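Order-wise, the sequence lines are chains A and B. Quick note: the first sequence, position 59, residue 147 per the numbering used here, numbers continuous. Quick note: the second sequence, position 39, residue 44 per the numbering used here, numbers continuous.
Hint data in this document are derived by calculation from the structure and do not stem from the laboratory. It should be emphasised that the depicted structure is a prediction, and the values quoted were computed from it without experimental measurement. One or more of the hints may lead you astray.
Unchecked claim - Simulated restraints on C-beta separations:
id : chain 1 : residue 1 : chain 2 : residue 2 : range
1  : A       : Asp253    : B       : Ser68     : 42 to 48 angstroms
2  : A       : Gly222    : B       : Thr52     : 47 to 53 angstroms
3  : A       : Ala246    : B       : Arg46     : 19 to 25 angstroms
4  : A       : Asn283    : B       : Asp13     : 36 to 42 angstroms
5  : B       : Gly41     : A       : Ser289    : 29 to 35 angstroms
6  : B       : Thr52     : A       : Thr115    : 22 to 28 angstroms
7  : A       : Ala181    : B       : Ser68     : 45 to 51 angstroms
8  : B       : Ser68     : A       : Ala348    : 21 to 27 angstroms
9  : A       : Trp126    : B       : Arg46     : 49 to 55 angstroms
10 : B       : Phe14     : A       : Gly243    : 20 to 26 angstroms
11 : B       : Asp13     : A       : Tyr276    : 34 to 40 angstroms
As the list claims (entries may be wrong) - Straight-line Cα separation of at most 30 angstroms, DSS-like style, residue types lysine-lysine; simulated pairs:
id : chain 1 : residue 1 : chain 2 : residue 2
12 : A       : Lys122    : A       : Lys346
13 : B       : Lys67     : A       : Lys218
14 : A       : Lys341    : A       : Lys122
15 : A       : Lys122    : B       : Lys67
From the three backbone atoms N, C-alpha and C, an ideal C-beta is built for every residue, glycine too.
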Amino acid sequence: MSTVNQTLPGKAGNERFHFFRFSSPQTFFPLSGKMIPWFATAAVILCAVGLYIGFVVAPTDHQQGESYRIIFLHVPAAWMSMFIYCVMAFWSAVGLTLNTRLSSMMATALAPTGAMFTFLALWTGALWGKPTWGTWWVWDARLTSELILLFLYIGFMALQASIDDPRRADKAGAVLALVGVVNIPIIYFSVQWWNTLHQGSSVSMTKAPSMAMTMLLGMLIMALAAWAYTLAVVLARVRCIILEREKHTDWVKEYVEKKA
Amino acid sequence: MNWNSWSDFFAMGGYALYVWGSVAMTFLLLAGEVCGLRMRRRTLMKTLERWIRSNRRDGNEKSA
């Protein structure tokens, strides 16, 4: 083996960059590979428990009947759609300011999952709106801002896909993600700022939840399942992106040959 | 217990279309994303393997 990588004084270099150790794709790659099975298992277990509580244990709603059970899918999907966008904007900002490649790769890896949860929030919302409001869709502030969120995700992915140079695609996407983040508080507070058809939040930080304990528990467990699922899927995707972009490095070549 | 029978459970108090329509779309998309990622990874590994091998062959031919 050649010792190309040993031009730097090894020990001092390691200590100096300890804080950013896992910001390098090479060190992050094996770590993320080890974490995926844990998050995937957690997602499956939490989802099974959450669905059991939501669909079997939780009592029927006295106003909406059984249709309210959509809440166990709708609310976690809607939360994730906003949360993933914030995380995406955060990594975009880090990538833009510190010029770290892995941060930009994380932002790229988050977008498809975020778009999927946004679509699911809209889809389950439409299926819930029909029996409770009598319509699949209204141009209400909450619904419209959530639709804009879906377009932001799609725009981010389309923009990055249209630029050949990955580093330029990272920068352009990051600017779009950061501009679009203004939409998140609009979605979140839309039910307070405007008189909308969409109900206010059932769970808030400041007051006691306006729902039965079992319902709340089922919803929170489903939200945790969505978190675990997102972590597993996004880590798997970022690993693909790392392999694609770092294919010229020795460690990727070694990894591919070892797996083959 | 809320449900007296399986048919009762599947009927969802008359909201079967809405409730099961939400459940079906959710799990369809989750399964689709997972399968899509598996396929992406498999094709990527194959392409990279072929790419590395052909690079090495070219290098060997040049040095020979």
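Verification of the supplied hints:
Between Asp253(A) and Ser68(B) the Cβ separation comes to about 31 angstroms, which falls outside the hinted range of 42 to 48 angstroms. The beta-carbon spacing between Gly222(A) and Thr52(B), approximately 51 angstroms, falls within the hinted interval of 47 to 53 angstroms. Our hint of 19 to 25 angstroms for Ala246(A) and Arg46(B) holds, since their Cβ atoms are close to 23 angstroms apart. Roughly 38 angstroms separates the CB atoms of Asn283(A) and Asp13(B), a value that falls within the hinted 36 to 42 angstroms.
For Gly41(B) and Ser289(A), the hinted distance range of 29 to 35 angstroms is satisfied, since their beta carbons lie about 33 angstroms from each other. Restraint check, Thr52(B) to Thr115(A): a C-beta distance of roughly 24 angstroms satisfies the suggested window 22 to 28 angstroms. The hinted range of 45 to 51 angstroms is satisfied by Ala181(A) and Ser68(B), whose Cβ atoms lie roughly 46 angstroms apart. A C-beta distance of roughly 23 angstroms is found between Ser68(B) and Ala348(A), which places it inside the suggested range of 21 to 27 angstroms.
Under the hint 49 to 55 angstroms, the C-beta atoms of Trp126(A) and Arg46(B), about 18 angstroms apart, miss the expected range. Roughly 41 angstroms separates the CB atoms of Phe14(B) and Gly243(A), a value that falls outside the hinted 20 to 26 angstroms. A hinted range of 34 to 40 angstroms for the beta carbons of Asp13(B) and Tyr276(A) is consistent with their spacing of about 38 angstroms. Among the hinted pairs, Lys122(A) with Lys346(A) is consistent with the structure: their alpha-carbon atoms are about 17 angstroms apart, no more than 30 angstroms.
The suggested pairing of Lys67(B) with Lys218(A) is violated, with an alpha-carbon distance near 69 angstroms, which exceeds 30 angstroms. For the hint pairing Lys341(A) with Lys122(A), the CA-to-CA distance comes to about 20 angstroms; that is within 30 angstroms, so the pair holds. Straight-line distance between C-alpha atoms of Lys122(A) and Lys67(B) comes to about 39 angstroms, which puts the hinted pair past the 30 angstroms bound.
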